[in-house]
Amino acid sequence: MRPGDRIFKNLTTGAGIFVVALIGLIGLFLLVQAIPALQANNASFLFSRAWSTNDPTNMSFGILDLLQVTIATSLVALIIAMPVSLGIALFLTQYAPKRLARAFAYIIDLLAAVPSIIFGLWGILVLAPAIEPFAIWINETFSWFPVFAPGNVAPSVRGTIFTAGVVLAVMLLPIITSLTREVFERTPTPHIEGALALGATRWEVIRTTVLPFGKAGYIGASMLGLGRALGETIALAVILLIPVGSFFDWSVFDGGATFASKIASNYSEFNNPTSAGAYIAAGLVLFLLTFLVNFAARAIIADKKGD
Amino acid sequence: MSTTSLSSPVTTPAFQQVSLARKAKNGVATVLVWLSFLIAVIPLVWVLYTVVANGITRIPFSNWWTEDLGSVLSDEVGGGVLHAIIGTLLQGIVCAIIAVPLGLLVSIYLVEYGRGTKLAKVTTFMVDILSGVPSIVAALFIYALWITTFGLPRSAFAVSLALVLLMIPVVVRSSEEMLRIVPDDLREASYALGVPKWKTIVKIVLPTALSGIISGVMMALARVMGETAPLLVLVGYSAFEHWNIFKGEMASLPLLMNNERVTNTMSVGTVGFERIWGAALTLVIIIALINLLATVISRVVAPKKK
Numbered sequence: 001m002r003p004g005d006r007i008f009k010n011l012t013t014g015a016g017i018f019v020v021a022l023i024g025l026i027g028l029f030l031l032v033q034a035i036p037a038l039q040a041n042n043a044s045f046l047f048s049r050a051w052s053t054n055d056p057t058n059m060s061f062g063i064l065d066l067l068q069v070t071i072a073t074s075l076v077a078l079i080i081a082m083p084v085s086l087g088i089a090l091f092l093t094q095y096a097p098k099r100l101a102r103a104f105a106y107i108i109d110l111l112a113a114v115p116s117i118i119f120g121l122w123g124i125l126v127l128a129p130a131i132e133p134f135a136i137w138i139n140e141t142f143s144w145f146p147v148f149a150p151g152n153v154a155p156s157v158r159g160t161i162f163t164a165g166v167v168l169a170v171m172l173l174p175i176i177t178s179l180t181r182e183v184f185e186r187t188p189t190p191h192i193e194g195a196l197a198l199g200a201t202r203w204e205v206i207r208t209t210v211l212p213f214g215k216a217g218y219i220g221a222s223m224l225g226l227g228r229a230l231g232e233t234i235a236l237a238v239i240l241l242i243p244v245g246s247f248f249d250w251s252v253f254d255g256g257a258t259f260a261s262k263i264a265s266n267y268s269e270f271n272n273p274t275s276a277g278a279y280i281a282a283g284l285v286l287f288l289l290t291f292l293v294n295f296a297a298r299a300i301i302a303d304k305k306g307d
Numbered sequence: 001m002s003t004t005s006l007s008s009p010v011t012t013p014a015f016q017q018v019s020l021a022r023k024a025k026n027g028v029a030t031v032l033v034w035l036s037f038l039i040a041v042i043p044l045v046w047v048l049y050t051v052v053a054n055g056i057t058r059i060p061f062s063n064w065w066t067e068d069l070g071s072v073l074s075d076e077v078g079g080g081v082l083h084a085i086i087g088t089l090l091q092g093i094v095c096a097i098i099a100v101p102l103g104l105l106v107s108i109y110l111v112e113y114g115r116g117t118k119l120a121k122v123t124t125f126m127v128d129i130l131s132g133v134p135s136i137v138a139a140l141f142i143y144a145l146w147i148t149t150f151g152l153p154r155s156a157f158a159v160s161l162a163l164v165l166l167m168i169p170v171v172v173r174s175s176e177e178m179l180r181i182v183p184d185d186l187r188e189a190s191y192a193l194g195v196p197k198w199k200t201i202v203k204i205v206l207p208t209a210l211s212g213i214i215s216g217v218m219m220a221l222a223r224v225m226g227e228t229a230p231l232l233v234l235v236g237y238s239a240f241e242h243w244n245i246f247k248g249e250m251a252s253l254p255l256l257m258n259n260e261r262v263t264n265t266m267s268v269g270t271v272g273f274e275r276i277w278g279a280a281l282t283l284v285i286i287i288a289l290i291n292l293l294a295t296v297i298s299r300v301v302a303p304k305k306k
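Residue numbers (our numbering), protein chains in the order written: chain A, 1 to 307; chain B, 1 to 306.
It should be emphasised that the hints constitute simulated quantities derived from the structure, not laboratory data. Be aware that a few hints might be false.
[What the hints assert, rightly or not] DSSO-like cross-link-like pairs, simulated, lysine-lysine; straight-line CA separation at most 30 Å: (1) A:98 to B:23; (2) A:9 to B:121; (3) B:203 to A:9; (4) A:9 to B:197; (5) B:203 to B:118; (6) B:118 to A:215; (7) A:9 to B:199; (8) B:23 to A:215.
In this text, all values refer to a predicted model and were calculated from it rather than measured experimentally.
All chains should be modelled from the sequences, with the hints used to inform the complete structure.
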């Protein structure tokens, strides 16, 4: 092998190995930094809702509340974003006029180009007041149902998990749509033509060919969206109100903090390694969570591609 | 003797009319699908309208683009965001200088050297995982590495490093796709002429894929420039122009917006309100310009077609 070839091959392979190692390094460094804080922790890390980390000699912190709020916001976002994204993907691949489909797809992709801090500010300053009457109506009409019970930041219904979920859903649309669209586009033409030849209506074509073919891709895409939702930071830090003295109680009208928004809004407390370690421990949990979700998403997509 | 009437078909037609229920289902599906597209367009238009309508008040003044906020009070009209624009561009460019070569090398490995090998599969998988790493986790990793382990100060360079983690997977993905569509005929023709593999990649494959790679890189750059989370953790805000990326506080547009949000009032018509939305509009303009530039450059360097 010529020296030029050897150097170039090693260089590119090295870059590949570096990326593989990077994921391990992220986990390792977070873990190493989190251990001292976890050892100094007086409360149960997994099952406590307390968060007091200012005094490095007397810390007690737990992630239960963060975990619940993170999952709640992500679920609200997914419940809204999944059906809409499916509709958009079908629209772009099956319904939109062929000539305009590309332009329409570009419009959806533009949503992903808007910085998340702008979504956050728009969410709390513009969207929240606009949907407030609707939120109040749900809150009052269905308050007997725990999910819609008055929240812990009442009387405000603006800085809630509900608002955060709606904004997050908008941010997920382009992510879920783009992968779903890609899979739907690969539906074999003979399947579609076969269905058409049997006299299927357009919806029947979709139900019998596009959806069965693209189901795995759609689920995988939604899980990628979930991974994104779990880690979204600044938009949620801007929107969510922090309740004083109370915690998440299963209502979408609660406030609170997710893993990411908690870390982002308390960066000023990173004044000593041990206190910062508490936040890094929370970050480690978030990393593991997103890793698992992404892992599962990729596995689903790869598995269904196999058969 | 019976006669056949020719005014109606002898047998019942094979084709049945589409039943009403099927028609109705089809109609409902069509309406829902169109509706979901419209639902997605509404927030986009609404967000952009909000940014433009609220941000336009300060943008036309020349001092918005030429001054920093160092000499004005937090509630005083005036000053500009030059310091933040400098920071955003500087951090983005430093990030790109590190991330683009790395990402490109990885994609070359995946397409040219690793095809079908186990390591390539693992790499592709890890790139996927990396693209799912939340920006705040990337920021914490750089914090743990750069600040606690190495003992270095919070700086713009640390931000750029965190952005590198977010940019690499995007660059790898788009470049990989572009390299893959380069026809094998080109490579084989080059090998047949005795050109070494590395030279084939550098002189034949990369130039052919260049336009796509560049537009992918620019779009990745535009994406990371709007990131806020790493900025919060890794660098302080400064109202002054600052050029040293290894030391000191440096503003950037998202950080300025966050800073004004925390320290200033956000009610309509106040100075804080105008600064936040002015900075938002500036950021959107910069991102739009980069995307536009991506299209233009990729047109210019696109391989000539007959």
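Tell me the numbers of any earlier hints that the structure contravenes, in ascending order. Hints that this structure does not satisfy do not exist here, as all of them hold.
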